[in-house]
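S.K.: Here is how the chains run, residue by residue.
There are 2 protein chains.
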Amino acid sequence: MQESPIRKLAPYAVAAKKSGKKIYHLNIGQPDILTPPAFMETVTNYSEKVLAYSPSEGIPELIQSIIQYYKGYEIDFEEDEILITNGGSEALQFSIIAIADAGDEILVPEPFYANYNSFCSAVDVNIVPVTCRAEEGFHLPLKSYIEGFITPKTKAIMVSHPGNPTGVVYTKEEVKLLCEIAIEHNLFIISDEVYREFVYDGLEFFSFANVKETEDRVVIIDSISKRFSACGARIGCIASKNKQLIAQILKLCQSRLCAPTLMQIGAIQLYNTQENYFKSVNKEYEKRRDIIYQSLNNIPNVICRKPTGAFYVIAKLPIEDAEDFSIFLLKDFSINNETVMLAPAKGFYSTPGLGNDEVRIAYILKEEDLISAMEILNKGLIQYLNNKNMLPK
Amino acid sequence: MQESPIRKLAPYAVAAKKSGKKIYHLNIGQPDILTPPAFMETVTNYSEKVLAYSPSEGIPELIQSIIQYYKGYEIDFEEDEILITNGGSEALQFSIIAIADAGDEILVPEPFYANYNSFCSAVDVNIVPVTCRAEEGFHLPLKSYIEGFITPKTKAIMVSHPGNPTGVVYTKEEVKLLCEIAIEHNLFIISDEVYREFVYDGLEFFSFANVKETEDRVVIIDSISKRFSACGARIGCIASKNKQLIAQILKLCQSRLCAPTLMQIGAIQLYNTQENYFKSVNKEYEKRRDIIYQSLNNIPNVICRKPTGAFYVIAKLPIEDAEDFSIFLLKDFSINNETVMLAPAKGFYSTPGLGNDEVRIAYILKEEDLISAMEILNKGLIQYLNNKNMLPK
Numbered sequence: 001m002q003e004s005p006i007r008k009l010a011p012y013a014v015a016a017k018k019s020g021k022k023i024y025h026l027n028i029g030q031p032d033i034l035t036p037p038a039f040m041e042t043v044t045n046y047s048e049k050v051l052a053y054s055p056s057e058g059i060p061e062l063i064q065s066i067i068q069y070y071k072g073y074e075i076d077f078e079e080d081e082i083l084i085t086n087g088g089s090e091a092l093q094f095s096i097i098a099i100a101d102a103g104d105e106i107l108v109p110e111p112f113y114a115n116y117n118s119f120c121s122a123v124d125v126n127i128v129p130v131t132c133r134a135e136e137g138f139h140l141p142l143k144s145y146i147e148g149f150i151t152p153k154t155k156a157i158m159v160s161h162p163g164n165p166t167g168v169v170y171t172k173e174e175v176k177l178l179c180e181i182a183i184e185h186n187l188f189i190i191s192d193e194v195y196r197e198f199v200y201d202g203l204e205f206f207s208f209a210n211v212k213e214t215e216d217r218v219v220i221i222d223s224i225s226k227r228f229s230a231c232g233a234r235i236g237c238i239a240s241k242n243k244q245l246i247a248q249i250l251k252l253c254q255s256r257l258c259a260p261t262l263m264q265i266g267a268i269q270l271y272n273t274q275e276n277y278f279k280s281v282n283k284e285y286e287k288r289r290d291i292i293y294q295s296l297n298n299i300p301n302v303i304c305r306k307p308t309g310a311f312y313v314i315a316k317l318p319i320e321d322a323e324d325f326s327i328f329l330l331k332d333f334s335i336n337n338e339t340v341m342l343a344p345a346k347g348f349y350s351t352p353g354l355g356n357d358e359v360r361i362a363y364i365l366k367e368e369d370l371i372s373a374m375e376i377l378n379k380g381l382i383q384y385l386n387n388k389n390m391l392p393k
Numbered sequence: 001m002q003e004s005p006i007r008k009l010a011p012y013a014v015a016a017k018k019s020g021k022k023i024y025h026l027n028i029g030q031p032d033i034l035t036p037p038a039f040m041e042t043v044t045n046y047s048e049k050v051l052a053y054s055p056s057e058g059i060p061e062l063i064q065s066i067i068q069y070y071k072g073y074e075i076d077f078e079e080d081e082i083l084i085t086n087g088g089s090e091a092l093q094f095s096i097i098a099i100a101d102a103g104d105e106i107l108v109p110e111p112f113y114a115n116y117n118s119f120c121s122a123v124d125v126n127i128v129p130v131t132c133r134a135e136e137g138f139h140l141p142l143k144s145y146i147e148g149f150i151t152p153k154t155k156a157i158m159v160s161h162p163g164n165p166t167g168v169v170y171t172k173e174e175v176k177l178l179c180e181i182a183i184e185h186n187l188f189i190i191s192d193e194v195y196r197e198f199v200y201d202g203l204e205f206f207s208f209a210n211v212k213e214t215e216d217r218v219v220i221i222d223s224i225s226k227r228f229s230a231c232g233a234r235i236g237c238i239a240s241k242n243k244q245l246i247a248q249i250l251k252l253c254q255s256r257l258c259a260p261t262l263m264q265i266g267a268i269q270l271y272n273t274q275e276n277y278f279k280s281v282n283k284e285y286e287k288r289r290d291i292i293y294q295s296l297n298n299i300p301n302v303i304c305r306k307p308t309g310a311f312y313v314i315a316k317l318p319i320e321d322a323e324d325f326s327i328f329l330l331k332d333f334s335i336n337n338e339t340v341m342l343a344p345a346k347g348f349y350s351t352p353g354l355g356n357d358e359v360r361i362a363y364i365l366k367e368e369d370l371i372s373a374m375e376i377l378n379k380g381l382i383q384y385l386n387n388k389n390m391l392p393k
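Chains as they are written, first to last, in the UniProt record's numbering: chain A, 1 to 393; chain B, 1 to 393.
No lab work stands behind these hints, which were simulated from the structure alone.
Check each hint, because a few of them may be wrong.
Said to hold, decoys possible - Derived pair list, reagent style DSS-like, types lysine-lysine, alpha-carbon separation capped at 25 Å: (1) B:Lys49 <-> A:Lys366; (2) B:Lys243 <-> A:Lys8; (3) B:Lys143 <-> B:Lys176; (4) B:Lys366 <-> A:Lys49; (5) A:Lys49 <-> B:Lys243; (6) B:Lys49 <-> A:Lys283; (7) A:Lys8 <-> B:Lys283.
Unchecked claim - So these bits of chain B aren't anywhere near chain A, every CB distance computed over 10 Å: (8) Asp32; (9) Leu34; (10) Lys49; (11) Ser118; (12) Ala122; (13) Val123; (14) Glu135; (15) Tyr145; (16) Thr171; (17) Lys212; (18) Gly232; (19) Met263; (20) Glu275; (21) Ser295; (22) Lys331; (23) Asn386.
The beta carbon of each residue, even a glycine, is placed where N, CA and C say it ideally should be.
Just chain A, same shape as in the assembly:
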């Protein structure tokens, strides 16, 4: 099993901090947005004297809250179609275990969230990458190209939508395309939609759960982590109209007894959060996205199509080795004793050799910090190219 690719740079970050440098972390997805106070208010008011197990499938009130939430997206789930999990992570792990056996294959548009590798390799399931390109904003390739990767061992297509690390939001046509493929080749679709609210430019989000024809093939992965900036609560869910599949995954849930009781109780209140919370958060991220996108496009020879979702973007830089460049920024560069930490993108590809010249940038810092960080990235790149004699004449 691979080590987390982002953690590889950690020792350089530690050394930089020790030397007194301030680091702008563009490398991680921990948002700075406040958790709605209703969460802690509820937790604080908990008065049971025994912190007991809760039902393996989740606390009924939380499941009801999530059913209501989905109705806002014109998705109808019933209570035996939703399971509460230890974050979106466990939701993914359990879905993979339920759908695929050792040796089976899952198609995943590449680049993809690096932990998909871990969830699959832990149970000897093979990810078959379907490469998407920075030049096309990481939108899906043609149907025939995708179908070329399907074998008798293929059990599912797994996507992050909106996309981590790409920021791509699939169009209605793309969603329907994958559903068509799923029907024709008898596949499941695991759709990781934890960034559902993070869609910009007035685009409408179209969920895989919105396609009636594939409702028994679609498994939705969800979480309160990003939606309500409550990453540390570890509350996610699995939702599917395929009651038989949910009944199988329930057995996995039963084996680990339950998700944290008190965090579920807090989560119930989060789902009562007002609509305007999402609007203001969304506006904030859209502003940050614009800063990053404009800054990147002001740097010569950087390729970056405008991302429309999540809070990540992948930029193709005019260099050979983005990991080497990221280490350079931490180790050998600073402006006013400040530098930036990037996530080299090769960890998000499983095809060897791809992504070496790309970085993922998370826009989870406030405006002024992002502006400073992008200034450092720009100057650092010029310096790096200069050092390598790679600057165009």
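Following the hints, complete the assembly by docking chain B onto the known chain A.
M.R.: Just chain B now, with coordinates in the frame of chain A:
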């Protein structure tokens, strides 16, 4: 994958409750002991505005608290030898994934905690049961008998010590016996010691981590759930002197990001709980154990050796089908409109046909309820045997 064997009776319990019967739950391991108030006090005082991810390996202060705790058992762990997990459940699942591949085998003394089946079958690892007998108080069989089950595919021996569902506490000699086997056959030992504090009759608990010769082969599974009656927090840990193994399991921890942040913060305070908390809890359970043990031995033809640990006992009843008897108690029997719910023990055996005449009783109710429950069990058994014409003349 099997359904949780205890859940099979759930519909009968629901029906009994609907009909107005009160049920004494002897079937589940949810203690009624109060969670030390320090937990909620700490959680309530949490003042961070963003509930953020914590380190994948666990919060350093919690790891330090656990290191101190183990010192009380003359066990020395260092900080890179402990990983915080989502309950003991995840600790078990991750240990199994790290140690065994699909098709490998793990020896487990039988009867065993039923979820071991789920953790293994989820990753296609096979449990090889080593049957222990009620007549011997579920102590281990001879060395040569155990060794007879070892094949080239055997990777580990997994035990619950003190034992769920048996209440057996292995002697120092038994612990050393398994360690000897582990060395001679190059095996790991996964020792689930979540009931470490629940040992009675002044017996001293001897941990698998107390054997120096096997320290690189032993993985300790632990949890705050039973120790501090904090089942709903879902905070467990994996501890091993085998740093290489811990480094591998850390990758699994990284893939699911972290255990719940706020519950870890509460757990730190639990580990500061005074010694006298354990003493009073221990005394309470010992009293309950005595009630159950004496009641069972007052029923003719019941076989039950005195259990010395955890809060379970397995009793062999003079009947053919304990599941049928458990359903009878829920469906067709009551005293003053009260009845009991038992856990048929066959779900704790993987050898077909074993345990059909046994039940597991959890002594997690207060004294007066236990006395009433055992009275109902006794009378119910007579009535059941009478109905079946099985009463001895």
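S.K.: If a hint holds in the structure, say so; if it does not, say that too.
M.R.: The hints, checked one at a time:
1. B:Lys49 <-> A:Lys366: Holds, at roughly 15 Å.
2. B:Lys243 <-> A:Lys8: Roughly 19 Å separates the two Cα atoms, so the pair holds.
3. B:Lys143 <-> B:Lys176: 11 Å, holds
4. B:Lys366 <-> A:Lys49: 15 Å, holds
5. A:Lys49 <-> B:Lys243: 38 Å, violated
6. B:Lys49 <-> A:Lys283: 20 Å, holds
7. A:Lys8 <-> B:Lys283: Outside the cut-off at roughly 50 Å; violated.
8. Asp32: The claim is violated: aspartate 32 (chain B) sits with its nearest Cβ about 7 Å from chain A, within 10 Å.
9. Leu34: 5 Å, violated
10. Lys49: Answer for lysine 49 (chain B): violated, closest chain A Cβ roughly 5 Å.
11. Ser118: The claim is violated: serine 118 (chain B) sits with its nearest Cβ about 3 Å from chain A, within 10 Å.
12. Ala122: Label violated. Min Cβ-Cβ 5 Å, cutoff 10 Å.
13. Val123: About 6 Å separates valine 123 (chain B) from the closest Cβ of chain A, which leaves it inside 10 Å; violated.
14. Glu135: 30 Å, holds
15. Tyr145: 29 Å, holds
16. Thr171: Nearest chain A Cβ is 30 Å from threonine 171 (chain B), so the label holds.
17. Lys212: 30 Å, holds
18. Gly232: 3 Å, violated
19. Met263: Its Cβ does come within 10 Å of chain A, the nearest being 5 Å, so this is violated.
20. Glu275: 21 Å, holds
21. Ser295: 25 Å, holds
22. Lys331: Since the minimum Cβ distance to chain A is about 23 Å, lysine 331 (chain B) lies beyond 10 Å and the statement holds.
23. Asn386: 36 Å, holds
Hint compliance for this structure: hints 5, 7, 8, 9, 10, 11, 12, 13, 18 and 19 are not met, and every other hint is.
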